[in-house]
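Peer 1: Sequence:
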Amino acid sequence: MPKSVGHLEFPDMLIIAGYFVLMLGIGAYFYNRMRHIKDYFSGGNNIPWWLSGVSFYMSSFSVAAFVFYPGLCYRHGWVGVTLLWVAIPATIFSVTLFGVRWRRARIDSPVEYIETRYSSFLRQLFAWHGVPVKLVDDGIKLFATGTFISVCTGLRIEYSVLAAGGIILISTFLGGLWAVTVTDFIQFVVLMAGVLILLPLSIQRAGGMGEVLSKAPEGFFRLTSEEFGWSYVIPVILLYALAWSSINWSLIQRYYCVPKEKDALKVGWTVVALYAIGPPLMFFPAIAANQFMPGVEDAGQIYPLLCTQLLPAGMLGLIVAAMFAATMSTLSSDYNVCASVLTNDVYRRLFRPLATQGELVQVGRIMTIVFGLFALGVGLLMSRGKSEDQFRTMVTLFGLATAPVAIPMLLGLVSRRVTNAGAVAGCLAGLLAGLLVWQLGPKDEAMIAGVAIKMEIVLLFATSAVTLSVLAVVSVLAPARAEAQERTDAFLARAQTPIGQLPEDVVLIEKKDVFSPFRVVGVSVLCIGVLLLLVLPWISGRMDLLLAGGTGLLLAVVGGAVALASKPRTAP
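Taking the working numbering, the leading residue of the sequence shown gets 39, the next gets one more, and so forth.
What the hints contain is simulated information worked out from the structure, not anything from laboratory work. Incorrect hints may appear among the rest.
Label-pair distances were calculated between CB atoms; the ranges are [claimed, not checked]:
hint	residue 1	residue 2	range
1	253	408	51 to 59 Å
2	452	55	48 to 56 Å
3	197	388	35 to 43 Å
Every residue gets a Cβ at the ideal spot worked out from N, C-alpha and C, and that includes glycine.
Please work from the sequences and hints to get the whole structure.
Peer 2: Here it is as structure tokens:
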């Protein structure tokens, strides 16, 4: 359990309270605009690419990233940045090969197309496999959020987890995917504001950039380290590539919620740019902390410890809000997309195929509550471990669960030769192989050809090899029947047809009929800027005042300008 070392003053509480009210207000703003299931789960395919791209980026990590990766940076140096930079080649792989295909799939849930391409059984298998994996993943993220808030504020970690999970759940319940993407953008603004204040303060405390570079341990700025070498980094890149393209439902959702195919490509390349810039800015303070905060026992607490030591009154509240924002982005996306699977792929498919749109929206909200409460329970159960142990758990989980689902999903989008029997057999065989290796193999490392390989990587390669081999063999030995092959060919032909050329495609004739998020985004950014300006009287120190005042003024001016320039438009 983390040691609570911080406390909140009035300006900190003002920032946090204002942020929470703003997030809930955005959810309430969109509540009555969710009239159809497509609005609630895919934004009516009208979400702008810039909004979806920032939402993709924010949804791809949580406050767990500010627990795990800064801990690696503090102990091992730049390799902590490298291990998050693996998202760059993974996203390039995803957007170039599958971005347009996901948009052309014309779906409202990430496993919806599985029944058309393969079978109803495989659709249900993927749905029921994915939901528990997401539950564990989201529980770990809630634990990380509780760790950060507990260290910064002095609250018990259980109360921190409950508060974080409850607010995320209510906001997602109210506004669906529109609320998720808009709050993601505001959370991006808050996160960047917090990071850009902490970065110069940490460099200043270390004695300047020259001191950080000259006094760093040997090899501290290499891309890899002795413990995390290329034999670890490259397989993690492969794991991320598969997860970014198929397993991560909330990221797939960002490709198919935009209006056009070109927008799906812009989403992916926006993420690539943000990942190139973001990790060094976010995690360099942990590298600098190696100079002036030696001997931290649990390196996973280094980021919140930095905040409590360096930030003036009010700014600690901003960082707590920013870290909460990072998790809220990920979890709200997960809650929404898992609710879409439970609603579309379970409730409507198995129980109520003729359900009305209003009924499906209500069921979607109920499923959001159910999934969020279960994730909250998992987070509370996990609140007894160390952050580095939870990082290992997360990587092991994805090493076991990713390939058996990712390989059939990706090949189903591009190849007509993969059969339903091959996909089912490959998935089940890969999961079984992963469970056997996990249970019977060594818990930390395995010696292969005289080289020590971490078990997370062994799991990934074992499940990938078994899944692909069994899938290929069974597809050859048990070819699809004529009817199934015709259905597959029809699906692939449809997936190659550009958006707008099929009767069921929604073609937006006039731009004025599309909901514009600019006004609500502008007002929200303005509110964040005003909150920062309100706490200036409590800030002492010239540099602290300049950073906080300059950031608040910039956000207020930009947000106000965007709000004034936007005209109200008809909601979807």
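Peer 1: Does each hint hold? Answer for all of them.
Peer 2: Structure-based check of all given hints:
Between residue 253 and residue 408 the CB atoms are about 52 Å apart, so this pair conforms to the stated range of 51 to 59 Å. For the hinted restraint 48 to 56 Å between residue 452 and residue 55, the CB-CB distance of approximately 49 Å keeps it satisfied. At roughly 38 Å, the beta-carbon separation of residue 197 and residue 388 lies within the given 35 to 43 Å, and the hint holds.
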